[in-house]
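Asker: Please build the complete structure, drawing on both the sequences and the hints.
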Amino acid sequence: MPLPEEKYLHLSDLELIQLFKLNGDAVIIGLLYKRHVSMALGVANKYLQPEDEAKDAVMQVFEQLLKTINHHKIENFKSWLYSVVKNFCLMKLRKEKNLTMVREEEGKNIFSFMEKEQLLHQEEEKMKEINLNSLETALKMLNEEQKVCIELFYLQQKSYAEVVELTGYTLNNVKSFIQNGKRNLKLKMQGAHES
Amino acid sequence: MNHKYTDSDIFKHTECPSDALLLSYVKGKVNHEQKRSVELHLIDCEMCNDMVEGYQRMQPKQIDSQLKSLETKINETVAAHQSKGGGAAFKWYYAAAAVLLFGLTGILYQFYFKSIEETKVADLPQSHQLESPSHADTTTTAQTNLAPPSEDVDDSKSMPDESAKPIKSVTKTPYIAQDEAVAESDAVYEVPAPPVYQQQEKLASESVVFDAKKNTAESATSGSSVVLNETSTAQSYKWEANPDDKVKATAPAVESVDLNMDEQATFAIESDKNIGVNKKVKSATTNKSKAQAEAATPAAKKEAIYKQEESKSLKDVNTDDVKLLNEIKEHIDTKQYSEAIQKSNLYLKTYPKNCEVIACRAQAYESTNQSSKAIKDYTQVSKLNCGKQSDTANLKLAAIYLKNNQANDAKALLQKATKSQYLDIAEQAKKELDKLK
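Protein chains in written order, with the working numbering: chain A, 1 to 195; chain B, 1 to 437.
The hints are simulated quantities; they were obtained by calculation from the structure and are not laboratory data. One thing to keep in mind: the hints can contain errors.
Unchecked claim - Between beta-carbon pairs, the in silico distance windows are:
#1 A:R35 to B:Y112: 36 to 46 Å
#2 B:K435 to A:S12: 36 to 46 Å
#3 A:L171 to B:E71: 40 to 50 Å
#4 A:E75 to B:E339: 21 to 31 Å
#5 B:E71 to A:K7: 16 to 26 Å
#6 A:T137 to B:K68: 18 to 28 Å
#7 B:L104 to A:E75: 38 to 48 Å
Just so it is clear, the structure is predicted and the values come from calculations on it, not from any experiment. Here a beta-carbon is modelled for each residue, glycine too, at the ideal position from N, C-alpha and C.
Answerer: Structure below.
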């Protein structure tokens with residue numbers, strides 16, 4: 001016997017949402033959520049521990065979704081879901097007053113210096129216009145940790161694990177140095193270009 | 001200058017890898033190239049990075065089992081949601097509400113006609129009234145409540161079967177007699193008024209002006225009024241609203257709205273005239289409340305009805321239809337009008353009253369200079385009363401009429417559009433009208 005969701009398999013995320021808004025069939029949202037449940041679980045796991053709590057959060061988000069998805073205008077379901085799951089977890093953490101602790105544990109810079117995909121795309125276009133000759137100069141202006149991590153990761157094309165091994169920094173620190181270093185590089189190169 | 005940084009991938013933007021690839025990365029089941037592309041992406045993408053970091057906190061072996069158990073839970077939730085009656089499943093609470101409504105209507109109906117029967121009894125001579133057990137009970141209650149304790153009265157109380165007998169047979173003090181007189185008069189007031197008066201009271205309280213042949217009784221105690229015309233025959237009463245007759249009703253904050261009554265019920269009452277009249281009053285009340293309900297927010301109401309009908313039909317919409325609808329809209333956006341017309345025709349075979357698609361087709365016709373077809377479609381949309389789309393159709397029609405030098409037709413439509421509940425449409429119509437002036 002075919003599963004009830006099989007007839008919807010060929011539809012895109014947005015088409016599924018559109019159809020759900022028309023006929024209210026919960027199977028549609030079930031299918032949609034299952035497409036992205038691995039992302040939801042991963043994100044929930046990052047913010048909530050133990051694993052069971054993360055799993056509960058994923059299910060709670062799903063139940064909320066069934067009730068409220070009709071009220072939202074969604075253009076990209078996956079990134080919208082990511083925001084929903086993340087906010088749900090942060091709210092939960094806030095309720096439990098553990099937010100500060102988690103931030104300290106996870107490393108201060110990971111959250112604050114992550115950059116938005118769209119913003120990056122725009123910046124990428126900008127950066128193409130900037131003379132890459134200034135990269136070398138800008139790189140020299142970075143602090144030692146950032147400079148080392150950037151050189152190892154981008155120029156020598158080492159993996160995270162290798163950079164961790166070579167530098168002795170933690171994985172979170174390595175990521176943070178790379179992200180911060182990249183951001184500073186851009187700023188310095190743009191500044192040099194404008195001046 | 002050494003350009004060693006040009007190939008460094010520093011500012012290269014990458015698309016999100018698939019969740020499967022990210023999971024493989026976490027499990028360490030990717031080749032060097034894949035690993036490199038994932039890591040380059042993770043620096044830039046907060047979402048993927050969070051996901052990967054979350055999984056890195058788990059035992060790789062547990063990931064699959066966790067995901068599987070989540071999928072099972074999702075299926076269970078969906079099934080529970082469906083069995084609860086949410087979503088597309090049959091909504092039991094609607095059925096329950098309908099049954100409850102029927103029950104209440106039945107009770108009210110019974111209560112209403114029982115009171116009419118009592119009214120008829122009250123209208124009969126005293127001797128006939130006493131034959132009625134219900135009335136006798138009322139009198140007894142009045143007596144027992146008001147008379148002070150005395151042996152004689154106690155006797156009457158101890159013999160409830162005889163309480164229906166005339167009270168005059170009981171010996172009383174002058175005070176008791178006086179009290180009883182008051183009690184009796186009170187009892188009389190408690191009895192419902194005779195049918196004709198009751199009916200008039202009802203008419204007055206509900207502000208109904210009832211025209212029976214040439215006898216016109218008017219009452220205007222409240223703001224709203226319903227005017228009904230009646231044609232009566234000797235044995236049977238037929239109440240037919242002429243097509244010209246209108247029910248005028250006003251509701252708070254809404255201007256009076258004319259509603260044609262030609263579709264209201266035509267009925268004949270064969271027996272009792274009073275009951276017949278009461279029935280008519282009841283029917284008039286029902287019609288009045290209908291009229292008031294419609295008058296309250298006519299446009300909103302019509303739109304709600306349209307939406308209800310549309311949602312009913314949309315329950316049956318299948319996925320191909322949704323795709324087709326999207327394609328039609330896309331064709332309109334990309335100005336592929338012939339395709340839009342072709343697909344609209346296909347869609348309208350299944351859903352002939354879909355305003356959105358008819359409006360799309362009209363737009364396509366209009367853009368391809370097939371104005372007569374466009375007019376036909378826009379007129380249909382306008383008549384379907386589907387809210388904003390209908391009001392927009394009026395504007396579009398007016399524009400076409402103006403192009404065709406049919407200024408009067410255009411004016412009429414624009415004037416109609418100025419009454420739209422949608423401000424933008426009303427304002428636009430007003431502007432166009434001003435231009436015409």
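Asker: Next step is simple, just say for each hint if it's right about the structure.
Answerer: Tested hints:
Between R35 of chain A and Y112 of chain B the CB atoms are about 58 Å apart, so this pair departs from the stated range of 36 to 46 Å. The hint said 36 to 46 Å for the Cβ distance between K435 of chain B and S12 of chain A, and at roughly 44 Å that hint holds. For L171 of chain A paired with E71 of chain B, a C-beta distance near 30 Å fails the hint of 40 to 50 Å. Restraint check, E75 of chain A to E339 of chain B: a C-beta distance of roughly 25 Å satisfies the suggested window 21 to 31 Å.
Evaluation of the 16 to 26 Å hint for E71 of chain B and K7 of chain A yields a pass: the beta carbon distance comes to about 18 Å. Checking the proposed 18 to 28 Å range against T137 of chain A and K68 of chain B shows it is violated: the Cβ atoms sit about 53 Å from each other. Taken as a hint, the range 38 to 48 Å holds for the pair L104 of chain B and E75 of chain A, whose Cβ atoms sit roughly 46 Å apart.
The earlier numbered hints that this structure contradicts are 1, 3, 6.
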